[in-house]
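Asks: Whenever a hint applies, use it, and build me the whole structure from the sequences.
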Amino acid sequence: MAGVSRVRRQLPTSPWLFAAPGLLITGAFVLYPFVSTVVNSFTDRRTLIPGHFVGLANFRELLHDDMFWTGLRNSTLYIVGVVPALVILPLLLALLVQKNIPGITFFRSAFYTPVVASVVVVGLIWVWLLDERGLVNSLLRTVGIGRVGFLSDQWLLLLSAMAVTVWKGLGYYMIIYLAALANVPRELHEAAAVDGAGPVRRFLTVTVPAVRSTMVLVAALSSVAAFKVFSEVYLMAGPSGGPAGEDTTLVMLVQRTGTGLTGRVGYASALSVVVFVVTVALMLLVLRADRREEP
Amino acid sequence: MSVLEREKARPREEPVVRRGRRVTDGHGRRIRVWELVLRYALLLAVLTLTVGPFLWQLSTSLKGPTEDIFSSPPTFLPSHPTLHNYRRVADTIPVWDYALNSLKVASASVVTNCVGSALAGYALARLRYRGRGTATLVFVLAMLVPVEGIIIAQFTTMRELGLNNTLIGVVLPGSVAAMNVLLMRNAFRNLPYEIEEAAYVDGADVWQRFRRIALPSVKGTLAVVAIFAFMGAWDDFLWPLIVLSDPDKFTLTIGLNYLHGTFANDERLVAAGTVIAVAPLIALFACLQRYFFRGVGEGAVKG
Numbered sequence: 549m550a551g552v553s554r555v556r557r558q559l560p561t562s563p564w565l566f567a568a569p570g571l572l573i574t575g576a577f578v579l580y581p582f583v584s585t586v587v588n589s590f591t592d593r594r595t596l597i598p599g600h601f602v603g604l605a606n607f608r609e610l611l612h613d614d615m616f617w618t619g620l621r622n623s624t625l626y627i628v629g630v631v632p633a634l635v636i637l638p639l640l641l642a643l644l645v646q647k648n649i650p651g652i653t654f655f656r657s658a659f660y661t662p663v664v665a666s667v668v669v670v671g672l673i674w675v676w677l678l679d680e681r682g683l684v685n686s687l688l689r690t691v692g693i694g695r696v697g698f699l700s701d702q703w704l705l706l707l708s709a710m711a712v713t714v715w716k717g718l719g720y721y722m723i724i725y726l727a728a729l730a731n732v733p734r735e736l737h738e739a740a741a742v743d744g745a746g747p748v749r750r751f752l753t754v755t756v757p758a759v760r761s762t763m764v765l766v767a768a769l770s771s772v773a774a775f776k777v778f779s780e781v782y783l784m785a786g787p788s789g790g791p792a793g794e795d796t797t798l799v800m801l802v803q804r805t806g807t808g809l810t811g812r813v814g815y816a817s818a819l820s821v822v823v824f825v826v827t828v829a830l831m832l833l834v835l836r837a838d839r840r841e842e843p
Numbered sequence: 251m252s253v254l255e256r257e258k259a260r261p262r263e264e265p266v267v268r269r270g271r272r273v274t275d276g277h278g279r280r281i282r283v284w285e286l287v288l289r290y291a292l293l294l295a296v297l298t299l300t301v302g303p304f305l306w307q308l309s310t311s312l313k314g315p316t317e318d319i320f321s322s323p324p325t326f327l328p329s330h331p332t333l334h335n336y337r338r339v340a341d342t343i344p345v346w347d348y349a350l351n352s353l354k355v356a357s358a359s360v361v362t363n364c365v366g367s368a369l370a371g372y373a374l375a376r377l378r379y380r381g382r383g384t385a386t387l388v389f390v391l392a393m394l395v396p397v398e399g400i401i402i403a404q405f406t407t408m409r410e411l412g413l414n415n416t417l418i419g420v421v422l423p424g425s426v427a428a429m430n431v432l433l434m435r436n437a438f439r440n441l442p443y444e445i446e447e448a449a450y451v452d453g454a455d456v457w458q459r460f461r462r463i464a465l466p467s468v469k470g471t472l473a474v475v476a477i478f479a480f481m482g483a484w485d486d487f488l489w490p491l492i493v494l495s496d497p498d499k500f501t502l503t504i505g506l507n508y509l510h511g512t513f514a515n516d517e518r519l520v521a522a523g524t525v526i527a528v529a530p531l532i533a534l535f536a537c538l539q540r541y542f543f544r545g546v547g548e549g550a551v552k553g
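In order, the protein sequences belong to chains P and F. Residues 549 to 843 in my numbering are what the first sequence spells out, letter by letter. Residues 251 to 553 in my numbering are what the second sequence spells out, letter by letter.
Hints were generated in silico from the structure; no laboratory data involved. Mixed in with the good hints there might be a few duds.
Unchecked claim - Take a look, some chain P residues computed to stay more than 12 Å from chain F by CB distance:
1) 568
2) 583
3) 587
4) 612
5) 614
6) 625
7) 707
8) 749
9) 753
10) 757
11) 792
12) 814
To be verified - Label pairs and their calculated CB-CB ranges:
13) 704(P) x 379(F): 55 to 63 Å
14) 738(P) x 379(F): 47 to 55 Å
15) 361(F) x 583(P): 37 to 45 Å
16) 612(P) x 290(F): 54 to 62 Å
Unchecked claim - Facing chain F, from chain P, some residues (calculated, C-beta under 7 Å):
17) 574
18) 577
19) 582
20) 585
21) 659
22) 690
23) 691
24) 702
25) 748
26) 776
27) 807
28) 809
29) 810
30) 813
31) 820
C-beta atoms are modelled at their ideal positions from N, C-alpha and C, and glycine is treated no differently.
Replies: Written out as structure tokens, the structure reads:
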């Protein structure tokens, strides 16, 4: 009896005490900043100066800002370049490491190393590899190809950054595919093999349909991440975004306009709202495409 | 969510059985020799691509000042390996202080994430009260907000709190990640109610039930939260770049970017710096790789 009364004596507020730290942090550093981003986007607030309501002025200014269109273009190009590679290559890699042959655990872990390494480390490693005098150019010269300006040409720079993003992401999506492949019934493969289907045909008629929903998930995750790319391009192109800023991405623009003592918080918030809207739209788009194709 | 739930299944572990000189997979099926050769050839090719760059960086960091690091064809092994560059990088930037800052930030993030998300996860999964649905919704919504979209507002919030340019300011926004709360909630929900009921009848209060019974049962998920919190904090770049302005307070990633910007002409130094930043993580990963792979399966949304 004593035990039961002790339970009853429990304060009714205690569930809230359990949830309080999490709710406080989330409220203060995610939800409040989110609301204030939207509010600030309608003001001319600066870092040290409280802003006034300016209506849609920031958004109207965006439309006439060349840098905004450059950033939007590069962030969009990033999706186009990175997503197909990150949907297909990790799947092939997962097939390669799926079979349990001796030493396979080592290979799986090794392929995951770029995921573990900080994006700054990865960026700096590739800056060195792709340098005018770096390893890649040195190898190219050995086979008789002249120097390639991976980091000095506007388009090659963006392509190189995309390649680095793909390189760093391979292992992560490989593991996701590996989990999905484990659920593909073996019998399907066997039936197809009995019907005389070769490995390529079996891949296309058995494996791909079986992991289709995972491919959609990977497409959703990687397109959202690609659109918000910052670090790779920032490190490889420099803070100003490469030659004439032509390699600036949207998030780089947010960082550049919104920080520092003269930061235009209002304008950067309007940019952030665009990032947010596109991100949500991408998610919905990919997930909706998935639903429509399902029988 | 159905797509995510399907990711939870682990890759099947199929023990390799050797009978004589034949290699067979877990189903006793023989793998043909040519297939095996082809597989290993491809595996080694991918290995070169994924690990090669790290080894090249390590090799560069060990090359002495008189060695030509730009030679063509490239020479992989340093002819006179030296640790000189590691001493020089410490003379150039306070790299060990930065490493210590990173360690502080990452450790704090592990503690706050484990404690905060275990408590909140337990409250969402096991306790009954009005407003539980709303509390869950708060975390789900927070998970959907892209950090990149709110980073300027987070910065102004930090300024208002007077915490910008402090390590606490670096830790706070990610100190209880919504994703981790939801992970812990799912872990607690999967526990059978019976064990807690027994404790309840014995008079254990909610805190005792949480500490003594529920928490020890979800150690695996807690480990996943800890590892990803550490890695996330150690690797983070954009947020510390925005919130820290004083070089004394830099974390390793920001320090490296600074080193790269200031001393881009000496690759040996930058290489040594990156090795210092990546070595602890690779060591940690090598020890805990099983949890890493489980974590990706469970938290496929993180990325």
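Asks: Hint residue 577(P) vs chain F: min CB-CB distance below 7 Å?
Replies: With a closest approach of 4 Å, the residue 577(P) hint holds.
Asks: Does residue 776(P) meet its interface restraint, that is, does its C-beta lie within less than 7 Å of any C-beta in chain F?
Replies: holds, 4 Å
Asks: Is the nearest Cβ of chain F still more than 12 Å from the Cβ of residue 749(P)?
Replies: holds, 17 Å
Asks: Compute the least Cβ-Cβ separation between residue 587(P) and chain F, then decide whether it is above 12 Å.
Replies: At roughly 9 Å from the nearest Cβ of chain F, residue 587(P) sits no farther out than 12 Å, so the non-interface label is violated.
Asks: Would the non-interface assignment of residue 612(P) survive a Cβ cutoff of 12 Å against chain F?
Replies: holds, 21 Å
Asks: Is the Cβ of residue 625(P) more than 12 Å away from each Cβ in chain F?
Replies: holds, 17 Å
Asks: A closest beta-carbon separation below 7 Å is what the hint needs, so does residue 813(P) meet it against chain F?
Replies: holds, 6 Å
Asks: According to the definition I'm using, a residue is off the interface if its beta carbon is farther than 12 Å from all beta carbons of the partner; does residue 568(P) meet that for chain F?
Replies: violated, 8 Å
Asks: Given a cut of 7 Å on the nearest C-beta pair, is the interface hint for residue 820(P) held or broken against chain F?
Replies: holds, 5 Å
Asks: Identify whether the interface hint at residue 574(P) stands, where standing means a beta carbon of chain F within less than 7 Å of its own.
Replies: With a minimum Cβ separation of about 5 Å from chain F (threshold 7 Å), the hint on residue 574(P) holds.
Asks: Minimum C-beta separation from residue 757(P) to chain F exceeding 12 Å: can you confirm that?
Replies: Non-interface label stands for residue 757(P): nearest chain F Cβ at 14 Å, farther than 12 Å.
Asks: Tell me if the interface restraint on residue 748(P) is satisfied: Cβ within less than 7 Å of some Cβ in chain F.
Replies: Violated - the Cβ of residue 748(P) stays beyond 7 Å from chain F, reaching only about 14 Å at its closest.
Going down the numbered hints, you'll see the structure goes against 1, 2, 3, 12, 15, 23, 24, 25, 28 and 29, while the others check out.
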